[in-house]
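Trainee: Got two chains here, separate frames each, mind docking them using the hints?
Top line first, the protein sequences correspond to chains Y and U.
For the first sequence, counting from 1, position 295 maps to 297 in the numbering used here; every step adds exactly one.
For the second sequence, counting from 1, position 67 maps to 77 in the numbering used here; every step adds exactly one.
Hint data in this document are derived by calculation from the structure and do not stem from the laboratory.
Among the hints, a few may not be true.
[Unchecked claim] Ranges of calculated distance between the beta carbons of each label pair, as one might list FRET restraints:
no.	chain 1	residue 1	chain 2	residue 2	range
1	U	Thr127	Y	Ser308	14 to 24 Å
2	U	Thr127	Y	Gln113	18 to 28 Å
3	U	Glu51	Y	Arg178	52 to 62 Å
4	Y	Glu280	U	Ser56	56 to 66 Å
5	U	His14	Y	Glu276	21 to 31 Å
6	U	Gln92	Y	Gly179	31 to 41 Å
7	Y	Glu89	U	Asp97	41 to 51 Å
8	Y	Ser177	U	Arg115	26 to 36 Å
9	Y	Leu300	U	Glu26	49 to 59 Å
10	U	Glu26	Y	Asp83	39 to 49 Å
11	Y	Asp101	U	Thr127	43 to 53 Å
12	Y	Val50	U	Ser99	52 to 62 Å
13	Y	His365	U	Asp97	51 to 61 Å
Backbone N, C-alpha and C define an ideal beta-carbon position, used for all residues, glycine too.
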Amino acid sequence: MTSISGGGLMQPIVAPQTEASSRTSSYPSVPELRAAFARANDLGTLDVRRLRIGGHILELRFATPGLAPCVLPAFGHLTFDSTAEPELVVHIWDSASGDVAPAPMPRTDPQSPAGAFYFFEEAPMRGVYQPGMEALSVVDLAADDAWYFVKDPAALPYWELAAPIRQILHWWMASRGHQQVHSGAVGLADGGVLLVGNPGSGKSTSALICLDSELRYAGDDYAMVSLEPYPTVHSLYCSGKVHPHNLSRVAHIAPALWNAERLETEKGVAFLSEHFPEGMIEGFPLRAIVLPRITGSLETRVVPASRAAALTALAPSTVFQLHNSSAEALRYMGKLVREVPAFVLELGADVSEVPEVLLELLHELKTAAP
Amino acid sequence: MRYHVNHPQVINETIEGEAIMINLVTGNYYSLDSIGGEVWELLEQSLSVDDIVSTLGQRYDAPEGIIRKAVVDLLDQLVGEQLVVRDDSRGTAQSAPVAEVPGGRLPFHNPRFEKFTDMQDLILLDPVHDVDQRGWPYAADSRAAN
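Just chain U, same shape as in the assembly (with noise of 0.2 Å):
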């Protein structure tokens, strides 16, 4: 199983190794960690859900059934909050090997993913409608946000 980002729904940028989205129709933003950060980034690459659990697996020290428990609960979270969609297609993207961690493979610990509300108050109450096809000064319906 594949993933890939909800754009254009759903911006994002990566600072540091942490991932910060913004879903432009819900008004909600969200953080992930450097481990979330990392899944996110190899979702973005089109890897499916064993290599990056694979890859994860190179850098951390952690049974490969615990790795994957995170991996997969959090991607549950992303496509539950419309940041993320299944990709049923048959993806040719292939993970490659990790560098090796000078010191060993690093601690894990599960993707902390924080969501913010705090804009979709102020959101429904002054929706932004693009113009349809028949053009200004029609609303398009589909695109008001809920």
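Same shape as in the complex, but just chain Y (with noise of 0.2 Å):
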């Protein structure tokens, strides 16, 4: 796997502004988006690989070398072979290991912070050009197509590799009646939750610490959910980040993480599903919201909480890293948190408690559903 470089421990989230329509001509047509990615793939170097997300399959043509191993990690769980067609195509290529020459990217303020996100719609296309990390995220809605263009890979930093085309991803699913959210994911088959919370939460640790139990992983920052036919839990991820002072907590993901030699100035990130491949669930239907909490108490226990108290924890976070549709977005998690119950999960001393407390949560849903 090509060695990235990273950026610190600051993972940026960003906040949406007020949503508004650009009226433009000028931002990146398609036509120039295929002309761009054509003479990329002029190279010769065409790689394409089919993922399969809450059902839907997904093709990904990297027409330079350098993007593949950024991207393809993250969702080493839902890569599979197949012939279908693809109900989405996502273009990525580079400037770097190609020679190519980028995208049409925009001229920016360079006193703007480096996680400043530059949005723009026009249906059905809507778009955001990252500078700090020189990204381009464009979807066509209409033609199902995208393009994710990076000039560097080696700039990319570490949360881009863990949780990568997340916009496209954010974009294309919701036009299929899904909502992205900020939330760890681990259950069984028959059932799971959603680990919900801030960062410092113990949400990471919590879905992390399952790895190591019956329970199977879906991830620990972002997953998908839908409301129809039942609330359901979809993996977008197989990454799992890591603060190097709680590493110790979570010890059976050492041998799993891809930037052991830069915790010092970055999250541990691991790639799951190579050392855990056993350990990994596309989905399950959701049976409660669960909300972290640390309390420095000896035992680890579940306490009923308020659905308004689950909506406060998952919301926030969720709408501030997603662009646009803010208003939308929360109407869907509040749709959500009417449909299951939700708890409390207060972290012991001993987080090692956590996979048998969760199970006996399901357990006792499942014992209790009508």
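Mentor: Structural data, given as structure tokens:
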């Protein structure tokens, strides 16, 4: 796997602006994007991979070799061989590995923070340019085509590799009735939970500790949910991130760390499907929303929580990381929390108790179900 | 005096009587308990302050002055947080009679209004710019996060 340098421990979260369409004729057009990808494709190094996310088949077309090592590892558990027609085709290329001209990119204010997003929308196109990464994500929701261009894969921060093409997936999956959420997810084939909360709540640690148990892992930071025909969680990424000072609590993932030599400046990132292939799960029916909370007590236990508390834990960090459609996303999450019960997971001193407590909760919910 | 929610800057959802509000520009988010959620719901209906107080007075057992002060204080806080805007227009919405509460009126307490700022610092690092009318690649300066 190509070694990629990354940024600092702070993972950017983006505030959405109020929704406003731009009336423009100068955003990158579909012909421009197709032409730019075609030029890259002239290298003759096309690599095509298929993913299955939430039952949808996606095709990733890598015209240059530099981005496959950055994008594919997080989808290790969702990659499969198929001849079925894809529902979305994502065209992916970079300048550095192919020495090709970049895609049309905007000029931006050099004083703008590195994490700034430049968003545009003119139906059916949506796109975002991230100057800090020199990355462009565009989707044509009418044609089910998308483009992901990065100038130099070596400049991508670690968090982008942990959650690649996230904006494209958010927009396209929303058009199919799904909602991306800032959440961990663990469960069994017949039911599982979302783990929701802000950074530092214990969400990631709670998800990662379950790898060492009967519970299967569907993600620690982002997941996708559906409401129909019943609330369901779909895994997006097999990655997990751990703050270096928490690594001792989830020592079983240490062999899977991709950036072990850079933990002084980065969160540890692991692509877990390689080391825990039986520990992954594509999705499950949603049985409860769980809010991890560090209490300082000895015992780990769950106690009922209000649906309002669940929405407060789930929605703001989700909304601020997605652009756009914030009001719709909040309504969607409001519907979700009304469908399932919520619990606080009071984390005791021994985090190894977490899987057993969650398994017991799932068993009780299953037993109590009409 | 009437108020309206500061859309589209503010988005909100009410769950089991509790209101959650998110200010997309400042990065702050808020919750209101059941009584505060009722005030929020009534102002969303464009009721005047007098009608809000009257409606709550039919449901809660407290002197009108206590309820009025609580409502006005809350509305001032909501304005201060840019969640609602004062509306000087002459609205016509009027309160509907409140169904009699079995067992009599409920005890009243000042609405609980919580503000969360943990998203704010991260947002200042990563502002979102919408492209302005000139189009890509020009950012709409007025829409940059502060």
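Trainee: Failing hints, ascending?
Mentor: The structure conflicts with hints 3, 5, 8, 9, although it agrees with all the remaining ones.
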